[in-house]
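A.B. asks: All chains should be built: construct the whole structure from the sequences, respecting the hints.
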Amino acid sequence: MASSSGGPRKRRPDFSCMEQPPLIKQLRGILSEYPDGGQILKELIQNADDAGASELKIMVESRRINRNLTDKSPEFTKFFQAPALCIFNDAEFTEEDWRGIRMIYSSVKEEDSLKVGRFGLGFKSVFHMTDYPCVISGDTMLLIDPQRPAHEVNAKLKINEIHEIEGMDTSDVLRAIGGKYGFNKSVVEKGYFRGTMFWFPLREKASPISEDVYGVGKVEKLFGSLSLESSSILIFLKSLVRLHLLKMSQSGKEEHVLRVQIQDEKEIQTRRQSFFSCIKSASSKQDLSCVLKMTIKEETASETLKLTKWLVVNYYIVHSATNDFKRLIQSPKLGLSPCVGVAAKIEPLSAVEGHIFCFLPLPKEGTKLTGLPFHVNGFFALSQNRHHLKWATDDQDHQYVNDEILWNGKLLTEALPLAFQKALDTSISNAETYGNKASLVDEVYLWIPNLETVH
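Counting in the working numbering, the sequence shown runs without a single skipped number right up to 533 at its last residue.
Keep in mind that the hints were calculated from the coordinates and are not lab data.
There's no promise every hint is true.
For lysine to any residue, the following SDA-like pairs were computed, each having C-alpha atoms within a straight-line distance of at most 20 Å [said to hold, decoys possible]: (1) Lys375 - Phe353; (2) Lys442 - Glu425; (3) Lys387 - Ile237; (4) Lys316 - Ser352; (5) Lys387 - Lys236; (6) Lys371 - Ser359; (7) Lys234 - Met181; (8) Lys325 - Val335.
Estimated spans, in silico, between C-beta atoms of each pair [to be verified]: (9) Arg90 - Asn262: 58 to 64 Å; (10) Leu235 - Thr400: 51 to 57 Å; (11) Val479 - His241: 34 to 40 Å; (12) Glu345 - Tyr523: 26 to 32 Å; (13) Asn146 - Lys375: 49 to 55 Å; (14) Glu530 - Glu111: 33 to 39 Å; (15) Thr400 - Ile182: 51 to 57 Å; (16) Leu529 - Gln225: 54 to 60 Å; (17) Leu529 - His334: 41 to 47 Å; (18) Thr491 - Val519: 27 to 33 Å; (19) Lys371 - Asn262: 36 to 42 Å.
These figures come from a predicted structure and were not determined experimentally.
C-beta atoms are modelled at their ideal positions from N, C-alpha and C, and glycine is treated no differently.
C.D. replies: Set out below in structure tokens:
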């Protein structure tokens, strides 16, 4: 047939989508990128902070619950087994969060430069320990089973409709999570849970998702590694002021493992919120800073009490940025915030092993220890598994360097010096105000790095 122009009619090529690997294969790939370890708990802490939560509780339930399943057991009871890891925070899911947690290679963080890791790839690291994560927030429950057909992986239901769902036994649900953080029969009847709870039944045998078996002892090791950083874990966060690690013993008694909280939390929350609200509103064209004196209170299982006082300076650079940096700040592709911070331990007065934070400390490997006597925080561009800063390699020195690498360089050379100067000026002013008291003069010198040890 001829076309209207008189020539032979042309046809369209055969189009098709790119073939996607099965979901389980994608998850196994993610797990290889996100090594098993303490970073799993940090991802959950980061998600709670991004949600605006003030409190996070992480409990390992060590009792055996609903484990003797048979072919005749209700289909969804496998989501309500123990031993399990149970996580609670006092914020509630938004519709964006429900959407984000169901994404495999994306996150709602990409749409908000102040959110560090909102249910992106990092959350999928929980599949190191579980095959059947359950999420409860507000009026909704989500059950995730990657081993089901693609169109049935996510089962979303209303809490007050549990008794109507085929394959769901309310008594099995309550046997596992009843009494945890206020979830009970009344909550099921009324259909609303205040806050957000994650329930991760620990994997007791190899599965298509992972061969790793996860016991209570392994979770306790995660608690131990997190406890090593407990005095600094909250210092750069945006909203969290309390963190509690617990264990439910075989006798059904809650055992306290670690409690970390910020003293004068209301004042700290108010000042943090004011600072980050100003950033979010983009109403200021001037640089912004926030100086906090923050006392961290730690209580361990042995009831040992420890107080650590920090001077924390957060800094947001706008006006002082060079044109090259401003281009990066305004880049929608990067979507990062030019916010940095420094923190020194002023009571007891001692230099810390300077560490790099992206709101939480990065894994302590090599270059994450800076040699500085204070900690450094920033909205850094990180590797996909959030373990490393993106940085130019030796063979890139004279080649094209992408914007993420340039961004990290600008944070270090333009923004962090301003935060450091603000911190130093604050300590000098404080010493002068109190007649150059010896301990306050020592605080000034605490900030001065030994250039021979800086990396």
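A.B. asks: Indicate, hint by hint, whether the structure satisfies it.
C.D. replies: Here's how the hints hold up against the structure:
no.: 1; hint: Lys375 - Phe353; result: 23 Å, violated
no.: 2; hint: Lys442 - Glu425; result: 23 Å, violated
no.: 3; hint: Lys387 - Ile237; result: 43 Å, violated
no.: 4; hint: Lys316 - Ser352; result: 10 Å, holds
no.: 5; hint: Lys387 - Lys236; result: 44 Å, violated
no.: 6; hint: Lys371 - Ser359; result: 25 Å, violated
no.: 7; hint: Lys234 - Met181; result: 14 Å, holds
no.: 8; hint: Lys325 - Val335; result: 7 Å, holds
no.: 9; hint: Arg90 - Asn262: 58 to 64 Å; result: 60 Å, holds
no.: 10; hint: Leu235 - Thr400: 51 to 57 Å; result: 52 Å, holds
no.: 11; hint: Val479 - His241: 34 to 40 Å; result: 59 Å, violated
no.: 12; hint: Glu345 - Tyr523: 26 to 32 Å; result: 28 Å, holds
no.: 13; hint: Asn146 - Lys375: 49 to 55 Å; result: 42 Å, violated
no.: 14; hint: Glu530 - Glu111: 33 to 39 Å; result: 36 Å, holds
no.: 15; hint: Thr400 - Ile182: 51 to 57 Å; result: 38 Å, violated
no.: 16; hint: Leu529 - Gln225: 54 to 60 Å; result: 55 Å, holds
no.: 17; hint: Leu529 - His334: 41 to 47 Å; result: 43 Å, holds
no.: 18; hint: Thr491 - Val519: 27 to 33 Å; result: 29 Å, holds
no.: 19; hint: Lys371 - Asn262: 36 to 42 Å; result: 41 Å, holds
Comparing the model with each numbered hint stated earlier shows that hints 1, 2, 3, 5, 6, 11, 13, 15 do not hold.
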